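Let's have the full structure, built from the sequences with the hints guiding it.
Okay, here's what each chain looks like letter by letter:
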Amino acid sequence: MTTIQNNPKLATGLVLLRVFIGWHFLYEGIVKVYNPDWTSFGYLASAQGPFKSVFGALTSEAVLPWVDTLNWLALVFVGITLILGVFEKAGAVAGMVLLALYYLAHPSFPGLEQLNAEGSYWLVNKNLIEMVACYVLFLQPTGGCFGLQRVLNASKTKTEKS
Amino acid sequence: MSWTRREALLGLGGIPILGAIWWAGARGTVGKRREREAILETLNIQPSLPPAVPAIGGEPVKVGIIGFGIRGEQLCRALGYATDEWVAAMEEATALAKEEGRPFTALEDFRNQDPLNVRIVGVCDIFDARAQKAMKSFSTEEQQVKRYRTYTEMIGSGEVEAVVVATPDHWHAPIAMEALRNNVHVYVEKPMTHNLSETYELRDVALASDAILQVGHQHRQTLSFKTAQDIIGKGILGHVSLITTNTNRNDDNGAWNYAIDSQANPDTIDWAQFIGNAPEIPFNKNHFFRWRKWWAYGSGLSGDLLTHDYDRLNCVLRMGIPQSVTASGGIYTHRDGRNVPDVLQANMEFPDFSTGSSQANGKEKGMTFVYSATLGNGFNRPTMLMGHDGSMELGNRLTIWPDGRSTRFAEYLEAGKMQPQSPIYHYNPAATALDGVSSATSQYFADKGLMWTYIDGRRVDSTFLHMREWLSAIRNNGPVSCGIQEGFEEAITAHMVGLSWKLGRRVEWDAEAQRVKPIDELDLDAALLESPPGVGQYAPDVVT
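These protein sequence lines are chains A and B, in that order.
Here the numbering used here is used: the first residue of the first sequence is 92, the next is one more, and so on.
Here the numbering used here is used: the first residue of the second sequence is 1021, the next is one more, and so on.
The reader is advised that the hints may include incorrect statements.
Distance condition first, Cα-Cα at most 30 Å in a straight line; then the derived BS3-like pairs of lysine-lysine [said to hold, decoys possible]:
{"id": "1", "chain 1": "B", "residue 1": "K1153", "chain 2": "B", "residue 2": "K1166"}
{"id": "2", "chain 1": "A", "residue 1": "K247", "chain 2": "A", "residue 2": "K143"}
{"id": "3", "chain 1": "B", "residue 1": "K1153", "chain 2": "B", "residue 2": "K1052"}
{"id": "4", "chain 1": "B", "residue 1": "K1166", "chain 2": "A", "residue 2": "K217"}
{"id": "5", "chain 1": "B", "residue 1": "K1153", "chain 2": "B", "residue 2": "K1246"}
{"id": "6", "chain 1": "B", "residue 1": "K1385", "chain 2": "A", "residue 2": "K143"}
Non-contacting residues of chain B with respect to chain A, defined by C-beta distances greater than 10 Å in every case (computed) [unchecked claim]:
{"id": "7", "residue": "E1027"}
{"id": "8", "residue": "A1292"}
{"id": "9", "residue": "G1503"}
Calculated from the structure, these hints are not laboratory results.
On a predicted model such as this, the values are computed, not experimentally measured, just so you know.
Heads up, the beta-carbon is just placed ideally off N, CA and C, and yes, glycines get one too.
This is the structure we're talking about:
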């Protein structure tokens, strides 16, 4: 079976996938951190589909600031772990959870209006694809090829050797 | 394994990437924010604060309701009184909305409304069913709501301090004048009057009376309009040369074809009193319930809906009565026997008015206010104020765009800090409120800022605020937002438009004489209220 150890091209591809997804998450997070006026209110309030009321409930005055903070914290966490290549399994899982929430708030189900969506989707949209990509990253960490994990592995080997 | 450059790159390579993204995100966002803050600082718009009125102290204000139809019921709800029927209907609507997962907050909003120190003590409605509905719903053990057969009886009873007048238009002025002459306070629906001569007379009576008169343009309480005043005052739009306001409705309710009550008949309705000063005709349910469709009792688009748009702008700009008016239109969408137009375009000229100028002295002066309406199309056309330096969309939300050729913003536009297609200011006091508005007609009013305003993100019925202001003025002898002068300007403008449509010619205002300029030897009021022969022949009591 092909593994990234004996397939450097596959490893490079997965590293690129990981860094780009991390890039995407981090930038989204940073933009929100530095914009005090940002709020997820609009996204949640316009939620559609079977979980509409759940997302609607998150817009209450008491809950919304927590939702906003948790959202950017999670975005930045996923971004940092995937770009740096450390704790990437945790990062990939957090990314999947976020993307699942984004998908469920605005699922691309037939009959539902697609708000702020560029392109046309039927069931599968970009959030869902990125979520599956995160699953691949979870299954196959690449921090040992490119990332802090490589440094940690190296120092571990060094310690064992000495 | 040795620590080589290759190893360092593969191990720590993510760090510069992370730094670059962080830097790019922060720089872009902070930069945009600073630019926005700089623009806002230049504009220096002060979003308005909720109005504070002195408390309505002492004993509850004793109010009599004259006219308990659709609007009368709404006004009573603003006072804190809802009929049992309405509460039941709203409970049902709320349950249905919940089932369908959409917000619907009418009942909740009503129950959250602050109580007013007021007591409804009497009702005067010439239709038995309506009068009985008010008595049944509003009477308590301590306070039986009394029915009066005529408004004179109510005003002369000494039992009411204030009256709310929500009758057909042709009864507004006679009732308001009777009340003011007896020092009974008046809240009168718009249009304030039905013809020119009673408008002149009512102003004299109101000025001579100690009682407080408030005209029912509740949108004067809308916070966004107060903010808009600040925007105009600071000259942000520059010289506004054109205003466009519109009415687009496309449903029976919006075209005044209201429901006909099955209990209506000559025994339950005092028909002679309904007719009043209107031409005598036999009992006619169609005319009784849908009176807005005939000049004899109503004023059509000019009195019913133009007045809202005119007063909204008069509240923001204080431009007063137009120097001249031309209007056109016809009965094109509802050929059901009505004789008021259902498509109407009015051009109102204000040649001496200016909102200020950023250009050479004397280059700019004068403004046209266009009102364009159809009752056969529901497309939403926003209210726009168009100035040399910017355009503003006016409603419950405000949005300002800079003009590409603005003098005031030239520097910003050249530097790319402003783009003509990007708003430089947006005011949305409802940004954090979830709304549930029911019908197409109420959505029409809500969008225009005519129904609701937002205080601390909470939706508040502007009619409630308008009523509260009136009651507070009664107890504290304070000013009201829409008193006799504002009502006078609104009524004269509406009648000029109606007259222009009727005559098919320009109608002018003589500011010095405070009269509409004579046209040939015409009796202007007779022309305004005339029911054209041949029109209305389908009107007789066709709805049975």
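Against the structure, the hints:
no.: 1; hint: B/K1153 x B/K1166; in the structure: holds, 12 Å
no.: 2; hint: A/K247 x A/K143; in the structure: violated, 49 Å
no.: 3; hint: B/K1153 x B/K1052; in the structure: violated, 58 Å
no.: 4; hint: B/K1166 x A/K217; in the structure: violated, 67 Å
no.: 5; hint: B/K1153 x B/K1246; in the structure: violated, 37 Å
no.: 6; hint: B/K1385 x A/K143; in the structure: violated, 53 Å
no.: 7; hint: E1027; in the structure: violated, 7 Å
no.: 8; hint: A1292; in the structure: holds, 54 Å
no.: 9; hint: G1503; in the structure: holds, 37 Å
In this structure, the earlier hints numbered 2, 3, 4, 5, 6 and 7 are contradicted, and the remaining ones agree with it.
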